[in-house]
Amino acid sequence: MAEKRNVEIRDLGEITAVSAPKISPDGKRVIFVHTKMDFEEDTYHNHLWMADLESKKTYQFTGGRGKDKTPSWSPDGKQIMFTSTPSAKGDEKMKTQVYVMDVDGGEARQITEVKEGVESPQWGPKGKNILFVSGVERVDRGDSDVRVI
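Each number in the working numbering comes from the position in the sequence shown (counting from 1) with 147 added on.
Honestly, the hints are just simulated from the structure, not real lab data.
Just so you know, not all the hints are guaranteed correct.
What the hints assert, rightly or not - With a straight-line Cα cutoff of 20 angstroms, these simulated SDA-like cross-link-like pairs (lysine to any residue) come out:
1) K175 / E201
2) K175 / P222
3) K242 / H194
4) K216 / P233
5) K262 / K275
6) K216 / V154
Stated by the list, open to error - Here are the computed distance ranges between Cβ atoms for each label pair:
7) V165 / G252: 42 to 50 angstroms
8) M241 / S202: 19 to 27 angstroms
9) G282 / K203: 14 to 22 angstroms
10) E187 / E263: 29 to 37 angstroms
11) S166 / G252: 37 to 45 angstroms
These figures come from a predicted structure and were not determined experimentally.
Where is the CB? At the ideal position from N, CA and C, for every residue including glycine.
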């Protein structure tokens with residue numbers, strides 16, 4: 148039996164969080180957010196991971212220094228849309244944008260460049276449009292705009 152000890156702050160770096168699972172339209176795969184602490188860089192990393200539900204194999208779908216979140220399958224199941232926020236030092240002023248990546252891999256394509264950043268992206272019913280919310284800076288009050296691209 149392992150000896151009991153108190154939990155230390157560095158133990159948090161061993162915890163992996165899984166969130167936002169989305170099953171593919173054909174029911175064969177799931178995309179999800181994998182979050183892990185990085186004490187050396189004083190941050191955490193969010194990457195998307197894919198799991199094949201038949202073979203039970205999982206693999207990392209996105210990489211790099213961004214904080215990738217809110218995955219969503221295209222209606223035809225051929226693409227994944229997600230948001231990403233740069234997390235490299237010096238990128239603090241960069242805002243969250245929408246990206247699309249083919250399910251079979253390749254490079255993620257940034258499809259928004261909105262100064263205020265974006266959130267809550269949704270595919271249109273036929274997968275030809277994307278709807279998202281963007282904050283609008285106003286002196287008198289904070290509002291949001293709904294935009295379609």
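Outcome of the hint check:
1. K175 / E201: holds (7 angstroms)
2. K175 / P222: Measuring from Cα to Cα gives roughly 14 angstroms; hence the hint holds.
3. K242 / H194: holds (17 angstroms)
4. K216 / P233: holds (12 angstroms)
5. K262 / K275: violated (23 angstroms)
6. K216 / V154: Violated, at about 28 angstroms.
7. V165 / G252: 42 to 50 angstroms: This hint is violated: roughly 21 angstroms between Cβ atoms.
8. M241 / S202: 19 to 27 angstroms: violated (37 angstroms)
9. G282 / K203: 14 to 22 angstroms: violated (40 angstroms)
10. E187 / E263: 29 to 37 angstroms: About 31 angstroms separates the Cβ atoms of E187 and E263, which means 29 to 37 angstroms holds.
11. S166 / G252: 37 to 45 angstroms: About 22 angstroms separates the Cβ atoms of S166 and G252, which means 37 to 45 angstroms is violated.
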